[in-house]
Amino acid sequence: MIQRKEFYATFEAIAEMMDFVDGMTKDLPEKAIYDLRLASEEIVVNIVNYAYPTGDGRLAIAWNHDPESGTVIAEFEDSGVPFNPLGYPAPTLGVPIENRNIGGLGIMMVRKRMHDVRYRRAAGTNVLTIEYRS
Amino acid sequence: MEFVRSAGEKAVITLKGKLDYATAGNLMDELRTLEGTGIKRIDFECADLEYISSAGIRAMVYSKQKISRNAPVDVYVHQACKMVQDVFTATGLKDYFTFVE
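Chains as they are written, first to last, in this note's numbering: chain Y, 6 to 139; chain G, 24 to 124.
For the record, the hints were derived by calculation from the structure and aren't laboratory data. Just so it is clear, the structure is predicted and the values come from calculations on it, not from any experiment. Don't be surprised by glycine CBs; every beta carbon is placed ideally from N, CA and C. One or more of the hints may lead you astray.
Unchecked claim - Okay, the calculated bits of chain G under chain Y, using three or more residues with CB under 8 Å as the criterion:
#1 42–48
#2 69–77
#3 110–123
Claimed, not checked - Distance condition first, Cα-Cα at most 30 Å in a straight line; then the derived DSSO-like pairs of lysine-lysine:
#4 Y:K31 to G:K41
#5 Y:K31 to G:K117
#6 G:K87 to G:K117
#7 G:K87 to Y:K117
#8 G:K33 to G:K105
#9 G:K105 to Y:K117
#10 G:K39 to Y:K36
#11 G:K89 to Y:K117
#12 G:K87 to G:K41
#13 Y:K31 to Y:K10
#14 G:K41 to Y:K36
#15 G:K105 to G:K41
#16 Y:K10 to G:K41
#17 Y:K36 to G:K105
#18 G:K41 to G:K63
#19 Y:K117 to G:K117
#20 G:K87 to G:K105
#21 G:K105 to Y:K31
#22 G:K117 to G:K41
#23 Y:K31 to G:K39
#24 G:K89 to G:K105
#25 G:K89 to G:K117
#26 Y:K36 to Y:K117
#27 G:K117 to G:K39
#28 G:K41 to Y:K117
#29 G:K87 to Y:K36
#30 Y:K36 to Y:K10
#31 Y:K36 to G:K117
#32 G:K63 to G:K89
#33 Y:K117 to G:K39
To be verified - With the C-beta cut set under 8 Å, the calculated list includes, among others, these residues of chain Y facing chain G:
#34 R42
#35 E47
#36 V50
Construct the entire structure; sequences and hints are all you get.
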């Protein structure tokens, strides 16, 4: 069953988004709860910070958990500026921290922890899909 | 989230609950007060830290980058649970702090 919820893409609404995510993951193993919270936080914070530079916008989360296979597929949608976070260059981990740009850390963690991450731009909407198998 | 700080050359900061997008700013503010104080060592007590995200890591990295600009500061992370340590490992920052069990 897919559960979909829409939020205002504001900093104040992030707590509500994370409550929604926690509600969706509450019956999963501890590690899955952590990984999905981490990925979701990185994604929604990114959307709130960058998707709507000129005004208010919305963010929707569609959550699909198949208990049979243990697979979670979650989609994060916004109608802000076209942005593919997967096109962001990964931070260089070998470089001394003083010389390192620590932007891009969040999306790197999403990619490391999820089994698949996909981006598409469709009908004026950015859709970032994460897939996780616990 | 709770911060306990002792004065002098050493600061002890206790992190509880979640260090994330919502609480990292508070830690950042706290760490800013240590700039230019001649601090030499920061101990993060993490036994009750359940969760850290990249926002939390960024705040902790700040303690190295900014506070140690003039004089080096050693940063110790105490009793972090495995899931929290894994986040440091994933970011390639684990060796940057000294982890103490």
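Now the hints, each set against the structure:
no.: 1; hint: 42–48; in the structure: holds (count 3)
no.: 2; hint: 69–77; in the structure: holds (count 3)
no.: 3; hint: 110–123; in the structure: holds (count 6)
no.: 4; hint: Y:K31 to G:K41; in the structure: holds (17 Å)
no.: 5; hint: Y:K31 to G:K117; in the structure: holds (29 Å)
no.: 6; hint: G:K87 to G:K117; in the structure: holds (13 Å)
no.: 7; hint: G:K87 to Y:K117; in the structure: holds (25 Å)
no.: 8; hint: G:K33 to G:K105; in the structure: holds (26 Å)
no.: 9; hint: G:K105 to Y:K117; in the structure: holds (16 Å)
no.: 10; hint: G:K39 to Y:K36; in the structure: holds (19 Å)
no.: 11; hint: G:K89 to Y:K117; in the structure: holds (28 Å)
no.: 12; hint: G:K87 to G:K41; in the structure: holds (21 Å)
no.: 13; hint: Y:K31 to Y:K10; in the structure: holds (17 Å)
no.: 14; hint: G:K41 to Y:K36; in the structure: holds (15 Å)
no.: 15; hint: G:K105 to G:K41; in the structure: holds (15 Å)
no.: 16; hint: Y:K10 to G:K41; in the structure: holds (24 Å)
no.: 17; hint: Y:K36 to G:K105; in the structure: holds (10 Å)
no.: 18; hint: G:K41 to G:K63; in the structure: holds (26 Å)
no.: 19; hint: Y:K117 to G:K117; in the structure: holds (16 Å)
no.: 20; hint: G:K87 to G:K105; in the structure: holds (22 Å)
no.: 21; hint: G:K105 to Y:K31; in the structure: holds (20 Å)
no.: 22; hint: G:K117 to G:K41; in the structure: holds (19 Å)
no.: 23; hint: Y:K31 to G:K39; in the structure: holds (21 Å)
no.: 24; hint: G:K89 to G:K105; in the structure: holds (27 Å)
no.: 25; hint: G:K89 to G:K117; in the structure: holds (18 Å)
no.: 26; hint: Y:K36 to Y:K117; in the structure: holds (14 Å)
no.: 27; hint: G:K117 to G:K39; in the structure: holds (19 Å)
no.: 28; hint: G:K41 to Y:K117; in the structure: holds (21 Å)
no.: 29; hint: G:K87 to Y:K36; in the structure: holds (29 Å)
no.: 30; hint: Y:K36 to Y:K10; in the structure: holds (24 Å)
no.: 31; hint: Y:K36 to G:K117; in the structure: holds (19 Å)
no.: 32; hint: G:K63 to G:K89; in the structure: holds (13 Å)
no.: 33; hint: Y:K117 to G:K39; in the structure: holds (25 Å)
no.: 34; hint: R42; in the structure: holds (7 Å)
no.: 35; hint: E47; in the structure: holds (6 Å)
no.: 36; hint: V50; in the structure: holds (5 Å)
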